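**Q** If you read the sequences in order, they're chains F and P.
Sequential numbering from 28 applies to the first sequence in my numbering.
Sequential numbering from 622 applies to the second sequence in my numbering.
Hints in this document: simulated from the structure, not taken from any laboratory.
There may be inaccurate statements among the hints.
[Said to hold, decoys possible] Going by beta-carbon spacing under 8 Å, a handful of chain P positions derived as facing chain F:
| # | residue |
| --- | --- |
| 1 | F765 |
| 2 | S787 |
| 3 | I902 |
[What the hints assert, rightly or not] Beyond 10 Å from chain F on every Cβ pair, some chain P residues (computed):
| # | residue |
| --- | --- |
| 4 | L625 |
| 5 | G629 |
| 6 | A633 |
| 7 | S638 |
| 8 | L685 |
| 9 | S690 |
| 10 | L722 |
| 11 | I730 |
| 12 | M755 |
| 13 | T757 |
| 14 | L760 |
| 15 | S796 |
| 16 | M822 |
| 17 | I849 |
| 18 | V925 |
| 19 | S930 |
Given the structure is predicted, the values throughout are model-derived calculations rather than measurements.
Glycine included, every Cβ here is placed at the ideal spot set by N, Cα and C.
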Amino acid sequence: MKKCLRCLCQAPLSAKIGILLIISYSFVAIFAPWLAPYGETEVVGDGYAAWSPEFWLGTDNLGRDVLSRLIYGARNTISIAFVTTILAFVVGGLAGLMAAIKGGWIDQGLSRVVDILMAIPQLIFALLILSVVGTNAVSLILVIALLDATRVFRLSRAVAMNVVVQDFVEAARLRGEGLVWLIWREVLPNTLPPLVAEFGLRFCFVFLFISALSFLGLGIQPPTADWGSMVRENAVMISFGDFTPLLPAMAVALLTIGVNFVVDWVLHKTSGLKG
Amino acid sequence: MSVLKLLGQRIALGIFSLFAVSVIVFLAVGMLPGDIAEAMLGQSATPETVAALRTQLGMDQMPLQRFISWFGQLLQGDLGVSLANQRPIADLISTRLGNTLLLAAFAAIVSVPIALTLGILTALYRNSWFDRVMNTMALSSVSFPEFFVAYLLILLFSIKLDWLPSMSNISPDSSISEILVSSILPVITLSLVVIAQMMRMTRAALINLLASPYIEMARLKGIRPARIIFHHALPNALAPIVNVVALNLAYLVVGVVVVEVVFVYPGLGQLLVDSVAKRDIPVVQVCCLIFAMTYISLNTLADVLAIASNPRLMHPRG
Chain F
28 MKKCLRCLCQ
38 APLSAKIGIL
48 LIISYSFVAI
58 FAPWLAPYGE
68 TEVVGDGYAA
78 WSPEFWLGTD
88 NLGRDVLSRL
98 IYGARNTISI
108 AFVTTILAFV
118 VGGLAGLMAA
128 IKGGWIDQGL
138 SRVVDILMAI
148 PQLIFALLIL
158 SVVGTNAVSL
168 ILVIALLDAT
178 RVFRLSRAVA
188 MNVVVQDFVE
198 AARLRGEGLV
208 WLIWREVLPN
218 TLPPLVAEFG
228 LRFCFVFLFI
238 SALSFLGLGI
248 QPPTADWGSM
258 VRENAVMISF
268 GDFTPLLPAM
278 AVALLTIGVN
288 FVVDWVLHKT
298 SGLKG
Chain P
622 MSVLKLLGQR
632 IALGIFSLFA
642 VSVIVFLAVG
652 MLPGDIAEAM
662 LGQSATPETV
672 AALRTQLGMD
682 QMPLQRFISW
692 FGQLLQGDLG
702 VSLANQRPIA
712 DLISTRLGNT
722 LLLAAFAAIV
732 SVPIALTLGI
742 LTALYRNSWF
752 DRVMNTMALS
762 SVSFPEFFVA
772 YLLILLFSIK
782 LDWLPSMSNI
792 SPDSSISEIL
802 VSSILPVITL
812 SLVVIAQMMR
822 MTRAALINLL
832 ASPYIEMARL
842 KGIRPARIIF
852 HHALPNALAP
862 IVNVVALNLA
872 YLVVGVVVVE
882 VVFVYPGLGQ
892 LLVDSVAKRD
902 IPVVQVCCLI
912 FAMTYISLNT
922 LADVLAIASN
932 PRLMHPRG
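The shape of chain P in the complex, shown without the other chains:
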């Protein structure tokens, strides 16, 4: 099968997933038992307010019609209005989305090089004491709840040592240096978990490869281990490693939710959690869609890169 056809299929699947997700996000609200307007307003609601909310949510229309108009508005960039404070959702999320992406990007820049280096080193010196220590540490940090790591860092660096702020007070007019300083602790928290996973996956991918016959051959010829890694193994390991990185970036985007809440970081994750607690469903829908879109895009990108960088697929036989 040609590369282009595979790529086309994967991208089509990605787009289909996006569409399916928006249908699910829409249906999750519409399909549930009971009346959503009544559930949102609670016991004390009068019939008039329930009816008004139903009209505002468009519950008096047919589901299919409702979906088409909702989806059409989304495509045109009209995200709707928050139920809690009647503000346009686009205004609510615009700065927060930027903050969240900044946090995720910052964490990615820190974690990817460290994780890849550690992964390669542990694969190279596998079963040594260094490998064992790194593995135990990685296994432990995957096991820690994120809020535990976050509060430990706060306790150590902002309360005992008083070096860094425990809360990320970021306003639109704070300077770059302020933003950087206040996002150091959230970035460390996010990075720790992602580094551990990325390192383990890189190590596993490389070790898998190092067991193959052509590496054995290189070793028997007496080539230095470092040269085997960089010249023989790494080019072929690129696909799985790129895949690992993209998958973990996808994880990162979702992982920000808890970290943002701990550090009171004004991002999309915090807005989502607040809106779930307030049952502000239009905002929840938009936030979920944005997170899901980023996640699906990164996953699709991971597969596309894996297909594109696979030497065997680039040179099909016959």
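Chain F with its partners taken away, still in its complex shape:
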């Protein structure tokens, strides 16, 4: 624990800023109902009200408090991105480790399927599937998780390939351990550092992707407060020189920068790369 703290103190400024950002975003997301002055979808005044002591950041097109929606948006957008990333890692990571351990036709089959899925640009694939199944939170999570699982599969398989050829895995195999034991006790602990860094990067990617889809009107649907669709709903105000509609987009950008800074630092530390 002490070692961790010392390590944190020695982190570069950018990583410290990143950690601070992540902690404050999580705080806002978890305690949203207590922090927000008004309800998520509560209409509290006229549309497009200016900043005032009553509504700190004004109101949106339907007269809802922008600050409250921003705070609830943290909860909705971040949690959906987080769940999607975890799902992508469970599916892609397990498949990757299994392909590396089992080898043979399982590895070949999974790898070819992933090759083909990765040949299609992600946004295009997502749009194609969403146009058919319709846009709702569940299909959004499933589609994006599946698409990102392909990237996770590639990485976890590549990393695990270096581990499965080592003697301790061979020993475990000869002892007659099952697949679950091999994955959980032998391979996973030794592939963790690159996977953790990848988790951060994937999260950024998923987060930006969901925001972009919501901005296009094809992601999280109203009236749920979400940062991407908030920009879309209030974009008209930009042409009057108002910065307020861009606050949610800035919130997205800040969190992504924070996570990127931390991942950059972690990669730097674990890989020992200089430069």
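On the provided structure of chain F, position chain P as indicated by the hints.
**A** Chain P alone, transformed into the frame defined by chain F:
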């Protein structure tokens, strides 16, 4: 393994991917649970209209037969008819495809030289303050959602300063200068993201190379850093750099979707987003195929160039 064999394999893989993608685009519609005609028409549809739409979509035929006739028509250039307004899809996309390609090409011409120069400079002066500043900026601009950058530019250049139009009103008869002026902001938006990525990748590729023994040797002989970069490192770094450029161009083609929507640019991306919202599936299929085709072709081209420009593969031993 000879170069020709490698190239042949890669191109064959590209063609196979194209075919696989068209199968997926086709299956995505056919394999889904429920009746697609009913889903598209919604609750209020009468059985007659559902049946009519099923016939129009060809749902009453066998899947394999349907795929063959759909694929055959595609190959002959018959893209089908839009469900929303019954117009031939070829008419809908012809001018839009040109606009999108123009936008992407314009962005590529701007971003590639800047990104390569910055990448080489940061690799040359790595760990200097210049490198650190550029890296932080690149990391930040990769983190920005595209629509954020786009609206910031609109706010600054078209509303506060009133220099450039915030919307790209391009019609088939607008002049070249009009088109150029109205695509400046979209091009800057697209370029910012691509430059950051290309710069980081170029820098990484060069730094990797600069760590190799023959560069060390050149340095020990006392050759100037600039000469090391241009005469020793760059020729060998060509393959990864060409690869980086092609990969980012592929990204560019897809990245236009969001940018087109922000700037109301009459391109293919906007048509795709509109059609997804209207669930005009034939149009979505064609647009997806075009985007996927461009993406796969550029990716294949990247690998082909990387193989072809690799000096070690050009002179196989034995």
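**Q** All hints, please: hold or fail.
**A** Okay, the hints, checked on the actual structure:
no., hint, result
1, F765, "holds (5 Å)"
2, S787, "holds (7 Å)"
3, I902, "holds (6 Å)"
4, L625, "holds (22 Å)"
5, G629, "holds (18 Å)"
6, A633, "holds (13 Å)"
7, S638, "violated (4 Å)"
8, L685, "holds (19 Å)"
9, S690, "holds (20 Å)"
10, L722, "holds (16 Å)"
11, I730, "holds (22 Å)"
12, M755, "holds (13 Å)"
13, T757, "violated (7 Å)"
14, L760, "violated (5 Å)"
15, S796, "holds (25 Å)"
16, M822, "holds (14 Å)"
17, I849, "holds (16 Å)"
18, V925, "holds (15 Å)"
19, S930, "holds (23 Å)"
Taken one by one, the earlier hints fail for this structure at numbers 7, 13 and 14, listed in ascending order.
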